Amino acid sequence: AQTVTQSQPEMSVQEAETVTLSCTYDTSESDYYLFWYKQPPSRQMILVIRQEAYKQQNATENRFSVNFQKAAKSFSLKISDSQLGDAAMYFCAYRSGETSGSRLTFGEGTQLTVNP
Amino acid sequence: EPEVTQTPSHQVTQMGQEVILRCVPISNHLYFYWYRQILGQKVEFLVSFYNNEISEKSEIFDDQFSVERPDGSNFTLKIRSTKLEDSAMYFCASQKMGGSNEQFFGPGTRLTVL
Chain P
1 AQTVTQSQPE
11 MSVQEAETVT
21 LSCTYDTSES
31 DYYLFWYKQP
41 PSRQMILVIR
51 QEAYKQQNAT
61 ENRFSVNFQK
71 AAKSFSLKIS
81 DSQLGDAAMY
91 FCAYRSGETS
101 GSRLTFGEGT
111 QLTVNP
Chain X
1 EPEVTQTPSH
11 QVTQMGQEVI
21 LRCVPISNHL
31 YFYWYRQILG
41 QKVEFLVSFY
51 NNEISEKSEI
61 FDDQFSVERP
71 DGSNFTLKIR
81 STKLEDSAMY
91 FCASQKMGGS
101 NEQFFGPGTR
111 LTVL
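Same order as they appear, the protein sequences are chains P and X. Residue 1 is where the first sequence starts when you use this note's numbering, and the numbers rise one by one after that. Residue 1 is where the second sequence starts when you use this note's numbering, and the numbers rise one by one after that.
Since the hints were made in silico from the structure, they are not lab data. All values derive from a computational prediction rather than experimental measurement. Do not rely on the hints blindly, as some may be mistaken.
Stated by the list, open to error - Take a look, some chain P residues computed to stay more than 10 Å from chain X by CB distance:
1) Glu10
2) Met11
3) Gln14
4) Glu15
5) Ala16
6) Ser22
7) Ser30
8) Pro41
9) Thr60
10) Glu61
11) Phe64
12) Gln69
13) Ala72
14) Ser74
15) Lys78
16) Val114
Said to hold, decoys possible - With a cut-off of at most 20 Å between alpha-carbon atoms, the simulated EDC-like pairs for lysine to aspartate or glutamate come out as follows:
17) X:Lys42 to P:Glu10
18) X:Lys78 to X:Asp63
19) X:Lys78 to X:Glu44
20) X:Lys42 to P:Asp26
21) P:Lys55 to X:Glu102
22) X:Lys96 to P:Glu98
23) X:Lys42 to P:Glu108
24) P:Lys78 to P:Glu10
What the hints assert, rightly or not - With beta-carbon atoms standing in for the labels, derived distance ranges:
25) X:Lys96 to P:Glu98: 12 to 20 Å
26) P:Ser74 to X:Glu53: 34 to 42 Å
27) X:Gln17 to P:Ser30: 41 to 49 Å
28) X:Lys96 to P:Glu10: 29 to 37 Å
C-beta atoms are modelled at their ideal positions from N, C-alpha and C, and glycine is treated no differently.
Construct all of the structure, not just a fragment, from the sequences and the given hints.
In structure tokens form, the structure reads like this:
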């Protein structure tokens, strides 16, 4: 079974600074997808960024980028120019690409605080 | 932009009662999911549904749970006899097709069992 681990329960960053959230995963599959979801206090789950395992290029979405290290099974999220609205719980998630419609497996989450 | 909707936003029930949580997935999506999140914990998969049948379920999804797509638009999760430990946020999600397509989450239903 696949597992996802986020070793940082809490992180904080100053507004306008950069922060990196860590995620590692364990799988024996070669075809899979990785995601970062943001959960603000409203508890809505919002997709931040996704990475296909077969792509070597790291995904980027505006101020959000990932560092995908496939051999190390590491998938970190970098938030640049942090804004107060980035404060939320961030979940790393894994999904198998070997079957359609497969489940998401989530990590424990990292609570990000942005200080003004 | 289309979105997944869930009702009610908050449900309070007595232990032992049956509850039905409702979801309206995005209209052209084919895969449907239920996840739950106990307060302060991670999001856990319950069940996935495709082509009018369960495609996968977790060990959490025991006989007290059932899902249904009664009318081609709604997707429901029924808990037959609620327990205190069923108190959680329940999220519905839908996905257009397989592959890299993302799962779109609804806003969740907060279930409180007293």
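Now the hints, each set against the structure:
1. Glu10: Given a closest Cβ separation of 12 Å, the condition holds.
2. Met11: It holds; P:Met11 is separated from chain X by about 16 Å at its closest Cβ, greater than 10 Å.
3. Gln14: With a cut-off of 10 Å, P:Gln14 remains clear of chain X, as the shortest Cβ separation is near 26 Å.
4. Glu15: 26 Å, holds
5. Ala16: 29 Å, holds
6. Ser22: Answer for P:Ser22: holds, closest chain X Cβ roughly 15 Å.
7. Ser30: Label holds. Min Cβ-Cβ 15 Å, cutoff 10 Å.
8. Pro41: 12 Å, holds
9. Thr60: About 16 Å separates P:Thr60 from the closest Cβ of chain X, which puts it past 10 Å; holds.
10. Glu61: 12 Å, holds
11. Phe64: Its Cβ never comes within 10 Å of chain X, the nearest being 15 Å, so this holds.
12. Gln69: Non-interface label stands for P:Gln69: nearest chain X Cβ at 19 Å, farther than 10 Å.
13. Ala72: 22 Å, holds
14. Ser74: 19 Å, holds
15. Lys78: Correct as stated: the minimum Cβ-Cβ distance to chain X is 20 Å, above 10 Å.
16. Val114: 21 Å, holds
17. X:Lys42 to P:Glu10: Within the cut-off at roughly 14 Å; holds.
18. X:Lys78 to X:Asp63: 10 Å, holds
19. X:Lys78 to X:Glu44: 17 Å, holds
20. X:Lys42 to P:Asp26: 17 Å, holds
21. P:Lys55 to X:Glu102: Holds: P:Lys55 and X:Glu102 sit about 16 Å apart, inside 20 Å.
22. X:Lys96 to P:Glu98: 16 Å, holds
23. X:Lys42 to P:Glu108: The hint holds at about 5 Å.
24. P:Lys78 to P:Glu10: Roughly 15 Å separates the two Cα atoms, so the pair holds.
25. X:Lys96 to P:Glu98: 12 to 20 Å: 18 Å, holds
26. P:Ser74 to X:Glu53: 34 to 42 Å: 37 Å, holds
27. X:Gln17 to P:Ser30: 41 to 49 Å: 46 Å, holds
28. X:Lys96 to P:Glu10: 29 to 37 Å: 35 Å, holds
This entry satisfies every hint, going by the numbered hints stated previously.
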